[in-house]
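Guided by the hints, dock chain B with the ligands onto chain A, whose structure is given.
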Amino acid sequence: MNVSSPAFTEFRHSLANLAGNPQETGMSDDERLARARSTFIAKLNRRTAVDMETCIHCGMCAEACHFYIATEDERYTPAYKIDPLRRFYRREVSPLRLLYRPITRKMDLDELKEWSELVYEACTGCGRCDMMCPMGINISEGINIMREGLAAAGLVPDELNALQAEQRQSNSLFGVGAAELKAVAAELAQHGTMLPLDKESADILVLTTAVEVRLFPEAIAACAKVMEKSGADWTISTEAFEASNLGLITGDKTALRAAFKRVSAKAKEIGAATVIVPESGHAYQALRWESANALGEELAFEVLAISEYIARTIKAGSLKLKPATEIKSVTYHDPCRLGRQGGVFDEPREALQAMGLDLRETASNRRENLCCGGGCGEYAISHGAPIRQKAFELKKHELDDTQADAVVTGCNNCRINLMIGAEETGWDMPVVSLVETVASNLAE
Amino acid sequence: MTLLDFARGPALQWSLIILVTGIIWRIVGALLLSSRKDLSVARRKSGLNDGLGAIATRSLPAHTFEKRIRFQHVTGYAWHLALFVTVLFFGPHILFFESLLGFSWPALPNGIVLFSAAVALAILIALLIRRANHPVQKLISNADDYISVILCILPLLTGILAFAHIGGRYETLLAIHLLSIEALFIWFPFGKLMHSAMTFPARFQAGTSFGRKGIKA
Ligand code: SF4
Ligand code: SF4
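So the sequence lines, in the order shown, correspond to chains A and B.
Okay, so the first sequence: first residue is 1 according to my numbering, each after it adds one.
Okay, so the second sequence: first residue is 445 according to my numbering, each after it adds one.
So here's chain A without its partners, still in its complex pose (with noise of 0.2 Å):
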């Protein structure tokens, strides 16, 4: 898949058509407001309160994230994105707000509305500012109940809110289904790779993404390859493939629960006692850290990154790899939800160098990565295109200074969006997924 194939260039032109069908909430502002401060009113626990104590508007954060750094626009701020927040806790929550409340202004449905934008669109989730902040502030999990908090008020992008009706109305993305899967099932088995659709039981649940199915069906076979030469008793579900989870990107809680719901009953009703989850970021850090506590109840199943799975079996001995040849050395661009989000950095890289790579580090990687400035959504919201392709720049630089073959990334949402910038700036270096790099590289 590269920048000028006919499957990218749709691809690009459906993003562009998602907020053409706003959709109605049917709200009155007052509901609005009322189910903001409930949602701000749950989440607020010890946790969130020590963070919301604990701020000294040091403005340090704001050095960490790539909006800020490219565009030097101090609303990108991340402690003032979660502003709102704040100063809701003082005034509602915290055990001094009977002294705050005279003094302080309730929050209005204005400032939610403003906000919306700093959330959303300037904002990947990517995690970056809480290893920054001085404190130990986790400012992302703030931006997180923003978001919760908006969505519940029905302020969720239009684009991301199409997304997610579609998730939720027919559960399928970007026009893709059971059919649409089903589809790309047949044209790979012509090429020779059988995909074990529907089994009635198994060990492994694999799944995949709607971006997959239309954009990188490579990608769903290169993960059938692997699987099949690891030996694993596998299947992919036409009912519950999906890994993309909207809930977790607009914060819709019962939209997050609903896509969870699905993965666990399939996993239960087949016997998988291990679920993976492809290339997707957000998808992991939702199924391995945020969908137990989402459902109430803990997983029957263990859940893996694919590259999770690659890693553990080279290790066991069940796969075995080759060294590459088309290329010689690589750059890993750590995706924020798998790598600072999630906590997967040595598997990936475990890989690449079991092929024989010279794996070469960006100045910032693990844990201070720069975000590829689209994650979380983002690539998807078109007012944000000009903040998202400046914050690409810096990633560029930095993976351009590496002088690698090409830059290997372990998400399709990081995928697509160095795509996007590099259609949008001529930039050349091949971005390729670490699943297609190991499939291509599997010893006989």
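Worth double-checking, as some hints may not be accurate.
[What the hints assert, rightly or not] A few chain B residues facing chain A, derived, Cβ under 7 Å:
{"hint": "1", "residue": "R470"}
{"hint": "2", "residue": "G473"}
{"hint": "3", "residue": "A498"}
{"hint": "4", "residue": "R502"}
{"hint": "5", "residue": "T508"}
{"hint": "6", "residue": "K511"}
{"hint": "7", "residue": "P579"}
{"hint": "8", "residue": "H639"}
{"hint": "9", "residue": "M642"}
{"hint": "10", "residue": "F644"}
{"hint": "11", "residue": "Q649"}
{"hint": "12", "residue": "K657"}
{"hint": "13", "residue": "G658"}
[What the hints assert, rightly or not] Simulated crosslink set (DSS-like; lysine-lysine; CA at most 25 Å straight-line):
{"hint": "14", "chain 1": "A", "residue 1": "K390", "chain 2": "B", "residue 2": "K511"}
{"hint": "15", "chain 1": "A", "residue 1": "K43", "chain 2": "B", "residue 2": "K481"}
{"hint": "16", "chain 1": "B", "residue 1": "K489", "chain 2": "B", "residue 2": "K660"}
{"hint": "17", "chain 1": "A", "residue 1": "K315", "chain 2": "A", "residue 2": "K328"}
{"hint": "18", "chain 1": "A", "residue 1": "K229", "chain 2": "A", "residue 2": "K322"}
{"hint": "19", "chain 1": "A", "residue 1": "K320", "chain 2": "A", "residue 2": "K225"}
{"hint": "20", "chain 1": "A", "residue 1": "K199", "chain 2": "A", "residue 2": "K268"}
{"hint": "21", "chain 1": "A", "residue 1": "K182", "chain 2": "A", "residue 2": "K113"}
{"hint": "22", "chain 1": "A", "residue 1": "K390", "chain 2": "B", "residue 2": "K481"}
{"hint": "23", "chain 1": "A", "residue 1": "K315", "chain 2": "B", "residue 2": "K511"}
{"hint": "24", "chain 1": "B", "residue 1": "K582", "chain 2": "A", "residue 2": "K315"}
{"hint": "25", "chain 1": "B", "residue 1": "K582", "chain 2": "A", "residue 2": "K106"}
{"hint": "26", "chain 1": "A", "residue 1": "K106", "chain 2": "A", "residue 2": "K43"}
{"hint": "27", "chain 1": "A", "residue 1": "K229", "chain 2": "A", "residue 2": "K199"}
{"hint": "28", "chain 1": "A", "residue 1": "K199", "chain 2": "A", "residue 2": "K225"}
{"hint": "29", "chain 1": "B", "residue 1": "K481", "chain 2": "A", "residue 2": "K261"}
{"hint": "30", "chain 1": "B", "residue 1": "K481", "chain 2": "A", "residue 2": "K253"}
{"hint": "31", "chain 1": "A", "residue 1": "K229", "chain 2": "A", "residue 2": "K253"}
{"hint": "32", "chain 1": "B", "residue 1": "K582", "chain 2": "A", "residue 2": "K113"}
{"hint": "33", "chain 1": "B", "residue 1": "K511", "chain 2": "A", "residue 2": "K268"}
{"hint": "34", "chain 1": "A", "residue 1": "K199", "chain 2": "A", "residue 2": "K266"}
{"hint": "35", "chain 1": "B", "residue 1": "K511", "chain 2": "B", "residue 2": "K660"}
{"hint": "36", "chain 1": "B", "residue 1": "K511", "chain 2": "A", "residue 2": "K396"}
{"hint": "37", "chain 1": "A", "residue 1": "K261", "chain 2": "A", "residue 2": "K43"}
{"hint": "38", "chain 1": "A", "residue 1": "K229", "chain 2": "A", "residue 2": "K182"}
It should be emphasised that the hints constitute simulated quantities derived from the structure, not laboratory data.
Computed from a predicted model, the values in this text were never measured in an experiment.
The C-beta atom is built at its ideal place from N, Cα and C for all residues, glycine as well.
Showing chain B with the ligands alone in chain A's frame:
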């Protein structure tokens, strides 16, 4: 009752009562809020090590982001350090602590203490000016940010004046110095100065919550 008697007597007592009650109220109030068990399966067990690790490492100046925040880091360290030296190692301060605690420790020469007080004062003034002018800080600052800095500046300023006998009778200068500290005590629990206590639980929880995901906070 002279101004000095007032400053040494009821003003000191009441400001200490407000300081201690306020701190306890605010910490306990935040920690009493509900908390939920994380139901996701931890990548590794996290606990004391991660928590204390985050407390220690968030205080270390050298990290990847350093070059973008050097000014704030250096001034931040310098002013806190200079403040500690001034508060804890000035002879008359030690006598005061001894009267409260019943034990004492050696003082540093006055010249060194005066120098550190001047450094702390100069940095605070610079930081105040920066706050009012730097676009990021200007945008995110509220009254608390300014009041807190000014209330830290005043004891340093009045202390130096009292030490140097500039601007009035020594007793009056001393009384003003004490009153400025008491104003700081009274304000302390209500504003951001509380970070000096809250930073420990905040960093600790960052350490453990990232730690259970296998990430060094
Ligand atoms: S770095 Fe932390 S303490 Fe400083 S302004 Fe940002 S959130 Fe607040
Ligand atoms: S999470 Fe990332 S994008 Fe969002 S404010 Fe923090 S650094 Fe910026």
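What hint numbers does the structure not satisfy?
6, 10, 21, 22, 23, 24, 31 and 33
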